[in-house]
Amino acid sequence: MTQIEEPTIEATLDTGPLGCGDLILMIFKTMRSIPPGGVLLVMAYDDGAAMDIPAWCRSTGNALLRADSTGRPARFHIQRRNT
Amino acid sequence: MTKLFINLTSGRESADRATVAFVVANAGLAAGQEVVIFLNIEAVRLVLPGYADEIAVAGFKPLKELLASYIENGGKIWICPPCFNGRGLDKALVPPTAIFAGGAAVVEFLAQGAASLSY
Chain A
230 MTQIEEPTIE ATLDTGPLGC GDLILMIFKT MRSIPPGGVL LVMAYDDGAA
280 MDIPAWCRST GNALLRADST GRPARFHIQR RNT
Chain B
346 MTKLFINLTS GRESADRATV AFVVANAGLA AGQEVVIFLN IEAVRLVLPG
396 YADEIAVAGF KPLKELLASY IENGGKIWIC PPCFNGRGLD KALVPPTAIF
446 AGGAAVVEFL AQGAASLSY
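Protein sequence lines, in the order shown, are assigned to chains A and B.
Position one of the first sequence corresponds to residue 230 (the numbering used here), numbered consecutively onward.
Position one of the second sequence corresponds to residue 346 (the numbering used here), numbered consecutively onward.
These aren't lab readings, by the way, just hints derived from the structure by calculation.
For every residue, glycine included, the Cβ atom is placed at its ideal position computed from N, Cα and C.
A hint or two may mislead.
What the hints assert, rightly or not - Label-pair restraints from in silico Cβ distances:
hint: 1; chain 1: B; residue 1: I416; chain 2: A; residue 2: P246; range: 51 to 59 angstroms
hint: 2; chain 1: B; residue 1: F405; chain 2: A; residue 2: P302; range: 41 to 49 angstroms
hint: 3; chain 1: B; residue 1: L393; chain 2: A; residue 2: L254; range: 36 to 44 angstroms
hint: 4; chain 1: A; residue 1: L293; chain 2: B; residue 2: G419; range: 40 to 48 angstroms
hint: 5; chain 1: A; residue 1: P264; chain 2: B; residue 2: L438; range: 24 to 32 angstroms
hint: 6; chain 1: A; residue 1: D243; chain 2: B; residue 2: P394; range: 32 to 40 angstroms
hint: 7; chain 1: A; residue 1: S288; chain 2: B; residue 2: A437; range: 24 to 32 angstroms
hint: 8; chain 1: A; residue 1: P265; chain 2: B; residue 2: A460; range: 32 to 40 angstroms
So here's chain B without its partners, still in its complex pose (with noise of 0.2 angstroms):
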């Protein structure tokens, strides 16, 4: 299995990118590959129950619907520590498919020879 590892920057403020990187990374998972989305500044807060509700942009389907097919197909998703904690949001509201990881791992995903991908 070979990996795919999808930086994803953005939350409501860019409807486009989160989508987008979702749809990618759906695709990954139909292609046989191990997908982490790392969430990081501003899209953290897409774990948060019913943030991502919201979210739907034309020609694609809600993200909502996009984060569960990734979820229920294997897909994982990693969220940076220092990046939601600055923000002041309440880890007890992280769902139990999304882990906390930081940098070490994310470069370990990378060494073992990822594919990346920046939205």
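Excised from the complex, chain A in its bound form (with noise of 0.2 angstroms):
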């Protein structure tokens, strides 16, 4: 069985009751802070974050790696583009 490897995490954002613009707008923040390259895990609570993390990840060019929206907060593995 192949394992997974687990992305290493430069920075953990918990955003609370955040959702739409708010929410987004924090991400943008936060992801200012990771260098290139590494990784923000996002955890969301908002019900929209499974249609506006990968959204705003596909509009900027960020990688997301991973999304996990079953439960409650939703994780996502954000990669910072390069440039």
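Make one complex out of these two single chains by using the hints.
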């Protein structure tokens, strides 16, 4: 069986009750403190996060390494783009 | 397929806006467009069971019928999560035909070239 390597997490962000644009803005601000290639773990409680965070990653070129929206908080591993 | 984004902010308090938004949305589907209606502010109530049943405007089909037709033809409904939660509404009542989606999903859809209308 292949072992899936855990991404090294540079920082963890608990977004609390934030949703919609506020949630994304907080991720955006936090990501600026992460070095290129570093991984941010986002813990989100907003029901729209499962749509919004992947959309933000696609829009900005940051890689969504893992997304688990089955529980609360939902967990997203986002790798900052290199440039 | 081209895209049409319809921003709807009104519920019962402006039956005309809610109705016409779905009329245009259905026209978009009939024209082969990928259509998203983004329910925000008071419009989030439209997904609750029975809420749309009392909305009918002269000259148009009742909103209940327009909504059913929209879903039947593949229209998508996005609900603004803070608008919904801020009104103390019950998430358990949201039908599976609607999903929660916020600003980032909206921006991505628009950036993909969607034309937009707001009611």
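Go through the numbered hints given earlier and state which of them the structure violates, listing their numbers in rising order.
-> Violated hints: 1, 3, 4, 5; rest satisfied.
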